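From the two separate chains plus the hints, produce the assembled complex.
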Amino acid sequence: MARDLEAYLRPGIASTPFCPGCGHGILMNLILRAIDELEIDMDEMLFVSGIGCAGWIPSPHFNADTLHTLHGRAIAFATGAKMFNPKLKVMVISGDGDLTSIGGNHLIHAARRNTDLTVICANNMIYGMTGGQAASTSPLGARTSTSMDGTIYRPFDLCKLVLGAGAPYAARFAVTQPVSLIKAIKSCLTTTGFTFIEVLSPCPTQFGRRNRYESPADMMNLLMERCISKDEAARMSVEQLKDRIVTGEFTNGRP
Amino acid sequence: MSSKIVDNTFPAGSHYFSGNEAVAEGAIAAGCRYYAGYPITPSSDIMERISVRFNEVHGVFMQMEDEIASICSVIGAVWAGAKAMTATSGPGFSLMQEGIGYAALTETPLVIVDIQRAGPGTGQATRVASGDLMQAKWGSHGDYQVIALCPWSVQEMYDLTIDAFNLAEQYRVPVFLMGEEAIGHLRERVELKTALTVFDREKKKGAPPFGTKQDDGIPPMPAFGEGEKLLVTGSTHNERGIRKTDDPEAHTRLVARINNKILANRDKIIQTESLYTDDAEVVIVSYGFTARSCLFAVNQLRSEGKRAGLLRLKTIWPFADRIVREMSSTVKKLFIPEMNRGQLMGEVMKYAKGEVIAYHQTDGEIIHPSTVIEKMRSLL
Chain B
1 MARDLEAYLR
11 PGIASTPFCP
21 GCGHGILMNL
31 ILRAIDELEI
41 DMDEMLFVSG
51 IGCAGWIPSP
61 HFNADTLHTL
71 HGRAIAFATG
81 AKMFNPKLKV
91 MVISGDGDLT
101 SIGGNHLIHA
111 ARRNTDLTVI
121 CANNMIYGMT
131 GGQAASTSPL
141 GARTSTSMDG
151 TIYRPFDLCK
161 LVLGAGAPYA
171 ARFAVTQPVS
181 LIKAIKSCLT
191 TTGFTFIEVL
201 SPCPTQFGRR
211 NRYESPADMM
221 NLLMERCISK
231 DEAARMSVEQ
241 LKDRIVTGEF
251 TNGRP
Chain X
1 MSSKIVDNTF
11 PAGSHYFSGN
21 EAVAEGAIAA
31 GCRYYAGYPI
41 TPSSDIMERI
51 SVRFNEVHGV
61 FMQMEDEIAS
71 ICSVIGAVWA
81 GAKAMTATSG
91 PGFSLMQEGI
101 GYAALTETPL
111 VIVDIQRAGP
121 GTGQATRVAS
131 GDLMQAKWGS
141 HGDYQVIALC
151 PWSVQEMYDL
161 TIDAFNLAEQ
171 YRVPVFLMGE
181 EAIGHLRERV
191 ELKTALTVFD
201 REKKKGAPPF
211 GTKQDDGIPP
221 MPAFGEGEKL
231 LVTGSTHNER
241 GIRKTDDPEA
251 HTRLVARINN
261 KILANRDKII
271 QTESLYTDDA
281 EVVIVSYGFT
291 ARSCLFAVNQ
301 LRSEGKRAGL
311 LRLKTIWPFA
321 DRIVREMSST
331 VKKLFIPEMN
341 RGQLMGEVMK
351 YAKGEVIAYH
361 QTDGEIIHPS
371 TVIEKMRSLL
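Sequence order for the protein chains is B and X. Under the working numbering, the first residue of the first sequence carries the number 1, and numbering increases by one thereafter. Under the working numbering, the first residue of the second sequence carries the number 1, and numbering increases by one thereafter.
Just chain X, same shape as in the assembly (with noise of 0.2 Å):
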């Protein structure tokens, strides 16, 4: 794997950007030049500027006839040499999945940005909502391990937009930008730099493209067109591509790879940020757009004299077990507010030692900074 360091594709200094314009610019900058999507609320409009700015980067935007042949023409796309994303919403989400399985095993490096709606179902079109996060770990069949973001403002969509390229190439792995519908829509000020620094896969002649030595290691990867003579398969299959259907080894050995070059790199993948934790009596677990209503209430409680903590997660897959363990056993309590029914909630008690409260609110508006006060206050 290389890393380089790229002029910006867009001129450096303050812009006002809405948090999906913001996922376009990030994706152009970070070296995204396929892009298939169908249009669905409240995400359409990324693909509306990846389709102007396409022109100018002499980018391929494909407008598909649904979101299932939207994934996997981004994953055609990426075996021809491209850096590729889509960019969807829960019901786009949900038709992606079994692309996204096929993604996983056949370790194809690539971004999809889901805009949460309210769901299930159609549900609400245009509001939001926290409710894809177990989707995106557990969406499609199978075992397996993926990369998910969580950006809390129009700053980190342009960001971790970049992130997210970054670690698709780095762990040839499907990588998600989990916004929220609030965040998407939102427009506020971005500082872009001159210059940034991207990774490019791995490649390296001859050499076999679906296993390495190491049970965790991440294989170089050709492209079509470049002599190879790849064979790419989404079933089961030996290090050079070769079909293993009934092969118990083969299964095993690839299953665990997978998992484990995911996995066994977790502390430096995942991203978490504190605040006032180091003396707090409860720290709240946030992520997304409901850790700036939370980091409102941490400063309101601090400053009445109350010891309130913030522990923010910027990557929610792989989970950041290790940090919330070690968390938990120097507060008296972890509490987690979420626009979902207590979707990490789970997650968080899973590896939590001491108490854990939930708030958990599904009426398709934002968590307000009182609610979280009020909570928060019954607690401390």
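Chain B with its partners taken away, still in its complex shape (with noise of 0.2 Å):
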């Protein structure tokens, strides 16, 4: 973590809680700059976070209110207290099993409402910190500890879930792609509405090393060498695309 960001750190916060080589520091870095950049006081934000390793990045790093709540259910919590006090700016920071699998229904009828918050879900396309079971995020035949022989079902799209859910916007990108994340995140902080940005964030512990990803570092370059744009991605054939990453910002065509 950059030393210029300490000032939205709780004071005694000396490290993250994360594992080498896992994204979700980087995520907490660029989340903390993008609100540096747009100069908001913390004392008007409130982050919720849910149960898992993402849920962590805000709760109790930031220095601002935040709500560490159940499994599954930080856009429920989420939602109480953005409507009942609509001055607070409300983030949701947690993980992809918890959003997205336990808290799916949640999701969809935060973004069917046009809820109010920012969602940011940390995508590890695992079960992080229960040991690195599949996901509904884990990609087809990916190795876990519940399956051994590569998983048999597909992943959600998650941007085109909330999309489709009514989400007038949601983003993807990799912590590989930090100057993209920082913009996304900013144009989350200032879009009233449901706006949701899917971080894809390396797991080397749970996921790399079942899935022969000896390091870290082959992680990153993984997710360097999947990751396209969606320019790019609307000049390749579909046999080029496949194992591919497609970032960007999606918009509902909607205001």
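Hints are supplied without guarantee of correctness; some may be wrong.
[To be verified] Residues on chain X that point at chain B, a partial pick, calculated with CB under 10 Å:
#1 R33
#2 W138
#3 F224
[To be verified] From chain X, some residues computed to sit far from chain B (all C-beta separations above 12 Å):
#4 A12
#5 N55
#6 Q63
#7 G99
#8 G121
#9 T122
#10 P208
#11 K229
Hints are computed from structural coordinates only; laboratory data are not their basis. Just so you know, these numbers come straight off a predicted model, no measurement behind them. Beta carbons are placed, not taken as given, at the ideal position from N, Cα and C, and that holds for glycine.
This is the structure in structure tokens:
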């Protein structure tokens, strides 16, 4: 964490709790950088998170109001706080299992209602904290502690999911695209309504070691190889798009 | 904690309400301005009335995607400064249990109305029961205390809803109004006063929101947006909200306090009503709708010169252990008729010194006064 952002951290916080090579520390940095660039007062912010590694990004690290909730329910808690006190700027930060599997219903309904929340989904494609089980976001064929021969189900396309449910804005970037991510987080914070970012964040501990990415750097390199912009994707054939992750900002054609 | 007198939000005087309508009006009068719920028989008309009346009192009404979202959004709203409520029935109450445990551990004041219907499972959605009493006490995992109230009239659906909010604010605890289908849909006269006493949670800038010097204390409670940089978590935490997930001492202290703060104050919390108990040979211990039949039965038996009495529990949790023990030492028998398979019977037997006779009825019908009279005749 860069020292110039220390003012945004709760006094006494000395380090992140994340494993070596985890992308969540980078994401933590980028969220604070976006807030810093927009000069948002942290006393106006409420950070809501669920259970799992990503739930620890804001709680207890961010020096603001934080609500660390039940597994899967961060968006429901955030809805109550935002609807009762609309002056709060509410950001939900949680993991893919939390927000899209156990909490999937709350995600699509908040998108349908266009509730004024920013939801940042740190997607490591696996259940990290509980020991590397298959997630609703694990790529087809990924080896996990509950699919040693490879997953047999397709993952969600999270941006399409929330756009289909009515969200006006969704974005997907990896932590290897920090400039684009800061821009997307700033877009969310300055847009009224439901906004969503899927952030691809490597988990070398649980995903990498089961899928032959021996070092954290291998996982970063993989993300850099696989992630392409939506403009690049538009020029590629279906065959070329195989195993690629299309990143960018997506809108629903709604104001 | 501070109490204040406020004007009623509904014209004073006599009104003809259903029990569920009375709950909605009681909540609004007590200061409830956030409601989240999901449709379920037989409690939906609480939500329907709130959705209309909140337009007039500037409350925030949310129809959520399920009961889990309802309880969770209520907790979020309470931490944003609201007095908030949800209402449900059996299956929805089951879905809310994880959120109830979260509210107990984070000491979140809120009110849940459970209009009980015949279970288990989907059971009989439109039929009456009092089958959720033990779930109210033990429904979520771990050790915690709640407060649960059992109204027997439409007037009490109103009055005890106000009490529920006041108790929640005083003790920072989830409070349940355990209505039954029969009282939710019964219509009778309710008297509303011009003013009422309400409690607001104590605030103290900079004070720790999750700890007190006493091991049974109730800490002050700030809200989001007040610059307190609050840390709220459903994991074990210290007095400032910092997670302490493997500290045996922190867990012991927190769990003890959230239990002790209710148990140590139970004499102040518990409300009961006694009728003809001074010289009674057999006392009926009853609560909720069944107590109406018991009152009829006791009056009938007294007119025949039989020494019957009635102990009515308005508060079922915390349990009136001392009152039941004292009562049992002065009478020959206690009789407890219930619209379940003996849920409160077990609790009465735990504390009663003498004989306890029970009657269980789980046919989706109320216990008729004639049934109580017949059973009591065989005991007197």
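Here's how the hints hold up against the structure:
no.: 1; hint: R33; in the structure: holds, 8 Å
no.: 2; hint: W138; in the structure: violated, 19 Å
no.: 3; hint: F224; in the structure: holds, 4 Å
no.: 4; hint: A12; in the structure: holds, 28 Å
no.: 5; hint: N55; in the structure: holds, 15 Å
no.: 6; hint: Q63; in the structure: violated, 10 Å
no.: 7; hint: G99; in the structure: violated, 7 Å
no.: 8; hint: G121; in the structure: holds, 21 Å
no.: 9; hint: T122; in the structure: holds, 20 Å
no.: 10; hint: P208; in the structure: holds, 14 Å
no.: 11; hint: K229; in the structure: violated, 6 Å
Violated hints, listed in ascending order, are 2, 6, 7, 11; each of the other numbered hints is respected by the structure.
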